[in-house]
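So the sequences go chain by chain: G and H. 1 is the number of the first residue of the first sequence in my numbering; add one for each residue after it. 1 is the number of the first residue of the second sequence in my numbering; add one for each residue after it.
It is worth saying that the hints were derived from the structure and are not from the lab. Please read all numbers here as calculations on a predicted model, not as lab measurements. Treat the hints with care, as some may be off.
DEER-style ranges, computed between Cβ atoms [to be verified]:
#1 43(H) x 6(G): 31 to 41 angstroms
#2 69(G) x 8(H): 15 to 25 angstroms
#3 47(G) x 63(H): 40 to 50 angstroms
Covered by chain H, per the in silico footprint, the following chain G stretches (three or more residues, Cβ under 8 angstroms) [unchecked claim]:
#4 9 to 23
#5 62 to 74
#6 195 to 209
Where is the CB? At the ideal position from N, CA and C, for every residue including glycine.
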Amino acid sequence: MGQPVKQFFTSTLTAATSQIKIVNLNASGNRSTNTGTEGMAFRLELMMPQRLTNGTQATEVNYQFGDNAGNNWQTGGIYNRRYNRYEHTAANQYWSTANVNWSGSYTYSSALLGRFVGAAGNAVGDEYDGVNSVVMDWYAPTTQMGPIPMNWGAGMSVGSATNQTTTGEIFFYSGSAHTTTFVYGFGSNGGSFILYCNSGNFPIGTQITMYEFTRANNE
Amino acid sequence: MAEETRPTVFIVNASTGEEITRPVTDEEWDAMKQSDVRSAETRAAEEAIEAQRVADKASGDAKLKALGLTDDEIAAR
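Next comes chain G alone, as it looks inside the complex:
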């Protein structure tokens, strides 16, 4: 990623919803200022002021791309996910090397942004911490480039429901996609995405903000 250019929208939920759709990005006139006519770079911030509504500790947030009008959602074959663990006990605090790998092989219809904290689940940090936030950077290639990972995101939650101060694990997921016409920088065939909360809702007050970034080195 290069440097931020501008914030081009911010919206706040006034009702709990399970889906947030951003559409018409391609027609919005926002573009990366580096080379290429299709390539774009974005930063997405998703700030939740409290725990997910009706969620559980297994509640996941996914994203999925579609066309500019917010239709024709990508249904599979381009997304991947990575499970990263930090194993934590009183005597043993380290990034686990177990099970840290790509899960699946572009087999998902949507990419996992994170497994967040549900109303009935465990909080981030401690049981009283109800704030969730995600910052996700996307850089989208130009049409001249081959497939490269396009997007990364992460959420965090307590993995093991031990309710102990010295044991458990913290993990996050990151997702990637390789390019299709839907994800060429929200270009001619792209321009929308969904954030979807499985079996839960984004709470009132959830704020979603997007910034345009320059791209570095013609990426």
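Given the coordinates of chain G, work out where chain H should sit on it, guided by the hints.
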């Protein structure tokens, strides 16, 4: 999900700034249900992998202990 739990969607038009909150359509709801099923399947598969890893670690630690390693030596690996 039962009909009474039909969720809502919040839509932002990045070109016009228009914001809409409405119930999901039948098509959207079907897609969400399918997504829920896939997420549950994926999570179950990941948890099975993790459970096997934990079992393998416990088995390995027990064998190392039988060879005479201390708990500290095992933890330091």
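Hints, one by one, checked against the model:
1. The given range of 31 to 41 angstroms is respected by residue 43(H) and residue 6(G), whose C-beta atoms sit roughly 38 angstroms from each other.
2. The hinted window of 15 to 25 angstroms between residue 69(G) and residue 8(H) holds, with their beta carbons roughly 20 angstroms apart.
3. Under the hint 40 to 50 angstroms, the C-beta atoms of residue 47(G) and residue 63(H), about 48 angstroms apart, fit the expected range.
4. Beta-carbon proximity to chain H at under 8 angstroms applies to 13 residues in the segment 9 to 23 of chain G; the threshold of 3 is reached and the given coverage holds.
5. Only residues whose beta carbon comes within less than 8 angstroms of a beta carbon in chain H count, and the segment 62 to 74 of chain G has 3; three or more means the coverage holds.
6. Counting residues of the segment 195 to 209 of chain G whose C-beta sits closer than 8 angstroms to any C-beta of chain H gives 6, which meets the bar of three, so the coverage hint holds.
Violation of the numbered hints given earlier is absent; every hint is satisfied by the structure.
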